[in-house]
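Chemist: Below are the chains, spelled out letter by letter.
Protein chains: 2
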Amino acid sequence: MTIQSLTEQIRKKSSFLCVGLDSDTSKLPSSVSQHPEAQFTFNKQIIDATHDLAVAYKINTAFYESDGSKGYQALEKTVQYLDENYPNHFTIADAKRGDIGNTSTQYAKAFFEKLPFDSITVAPYMGRDSIEPFLQFEGKYAILLALTSNMGAYDFQTLNTVDRSIYETVIATSRTWKGADRLMYVLGATKTDHLASIRALAPNSFFLIPGVGAQGGDLASVFHAAANEDVGLLVNSSRSIIFASNGDDYTDAARMASMDLQQQMKKLL
Amino acid sequence: MTIQSLTEQIRKKSSFLCVGLDSDTSKLPSSVSQHPEAQFTFNKQIIDATHDLAVAYKINTAFYESDGSKGYQALEKTVQYLDENYPNHFTIADAKRGDIGNTSTQYAKAFFEKLPFDSITVAPYMGRDSIEPFLQFEGKYAILLALTSNMGAYDFQTLNTVDRSIYETVIATSRTWKGADRLMYVLGATKTDHLASIRALAPNSFFLIPGVGAQGGDLASVFHAAANEDVGLLVNSSRSIIFASNGDDYTDAARMASMDLQQQMKKLL
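Heads up: the protein sequence lines correspond to chains S and B, in order. So for the first sequence, this note's numbering puts the first residue at 2; every next one is plus one. So for the second sequence, this note's numbering puts the first residue at 2; every next one is plus one.
Fair warning: there could be bad hints in the mix.
Note: identical chains are not told apart, hence a pair may lie in one copy or across any two.
[As the list claims (entries may be wrong)] Computed cross-link-like contacts, EDC-like style, restricted to lysine to aspartate or glutamate with a CA-CA straight-line distance of at most 16 Å:
{"#": "1", "residue 1": "268", "residue 2": "194"}
{"#": "2", "residue 1": "13", "residue 2": "231"}
{"#": "3", "residue 1": "267", "residue 2": "84"}
{"#": "4", "residue 1": "268", "residue 2": "49"}
{"#": "5", "residue 1": "115", "residue 2": "25"}
Derived from the structure by calculation, the hints contain no laboratory data.
Looking at chain S on its own, in the form it has when it is part of the complex (with noise of 0.2 Å):
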């Protein structure tokens, strides 16, 4: 899928939401637990409940690998079920993957050709070669860790170098890369005060912006910080959608979720 398709969607649905499938199995809600499938089938159940209010879904690989080869199969038959049923959407294989260039190109094999990922995220530490790999598929693409949303981020990412701190080095740098165009960038939703300047650095760039909800961003603020003429963001929900309730509700607890961040969204469009 292209970010040209993926911007016509948003204008379409008037939302920019992507729900995240952080489907934790130790907190599925109990009347799908039992499931033998229980984690691909919650989140069947989940794309069902929300996929109109929804562009885009983010399937975090932690919580399929600790379930080992069948939190895989879950991972495997999740994004399967989306490219199958709901082409329009734009997955995301938050996987924060990064090695050197050849075990990198394995990695994109993985994600883009093997599953059926549009775009996976990625480390930018090991620099140029280690993430050129994922740039070279096409409708594909790769969303770069720049600002993250958490403390931490403090510890590097906003270190200055000689005129700026790394996490602008990071994105200007990348901006130079080979298939640069197919490049999107991880912004914490708890960093709106950066937003603006990071916009100037890659103004035609989507922005993959966690950090609303559980981790108390403001939509608003990002809204206004960060959004360009194409709108140019998605912004992800993890728990606080698919986790909204653990009873037996919790499908129509996730749409509501969602649709009320996708009213927000569409006030602000």
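Use these hints to put chain B onto chain S, whose structure you have.
Modeler: Below, chain B without anything else, positioned relative to chain S:
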């Protein structure tokens, strides 16, 4: 497995060799590639042929994920095989993980509890709270990317912050984290000029050093620059061992390539 036991094994075997199981399914010798469990079978054969010469095995997750859940099963079986048959070998999940705390905890569980790995490589970009969750497991270790062996290392790792480069800041800062005695560091064998000053920043830590062999690093230079009193080194070789031959003699060839490195290590020790 503790680092004390690892050091004992290094002394006993006169070897600090780590064999990297980058078992790319497209490169497996034809005599094993048709096997229904080709990747695991190949790994088992390589392990059996090299175990007395190596003290550690590093499993690069990318080469398994690229085969989907089937690949993930091969990864699972390989580390279980090592755990059951060679419990005195140190196992490394070369996974380069790292995410917000909640998610890093899931990755730690995936590799330390669901799978029996002794250690995992982690990326520093997201800072303290993305790494500390890996440091809370008794007898388990996180190996932090510091100065990597690829060209992209010069994009960000070697930039200067106020009084030192980013990779030095990463090492120095990480020494203050909770559980830092369970931290090791990834340092490229191609960066020998920097190894001595890095050793001064982390005098007692183990260094995992990839890049000897296919990437061109020199074993003796690495040893003289970075060994400490307890050796404190694991030198990894992947492709130049496991793909030393693509004929029917691949296990013999892997053994010869391992022995060649082990003999060089024995002289240095």
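Chemist: The structure should be examined with respect to each hint, and the outcome stated for every one.
Modeler: Taking the hints in turn, this is what the structure says about them:
Taking identical chains as interchangeable, the C-alpha atoms of residue 268 and residue 194 are never at most 16 Å apart, the minima being 22 Å within one chain and 57 Å between chains. Within a single copy, residue 13 and residue 231 get their C-alpha atoms as close as 12 Å, which meets the 16 Å cut-off; across copies the closest is 63 Å, which misses it. In the homo-oligomer, the alpha carbons of residue 267 and residue 84 never lie at most 16 Å apart, since the shortest distance is 26 Å inside one protomer and 54 Å across protomers. Taking the closest pair of Cα atoms, residue 268 and residue 49 never come within 16 Å of each other, the shortest separation being 24 Å inside a single copy and 64 Å across copies.
In this assembly of identical chains, residue 115 and residue 25 lie within 16 Å of each other by CA distance solely across copies; the values are 14 Å between and 24 Å within a copy.
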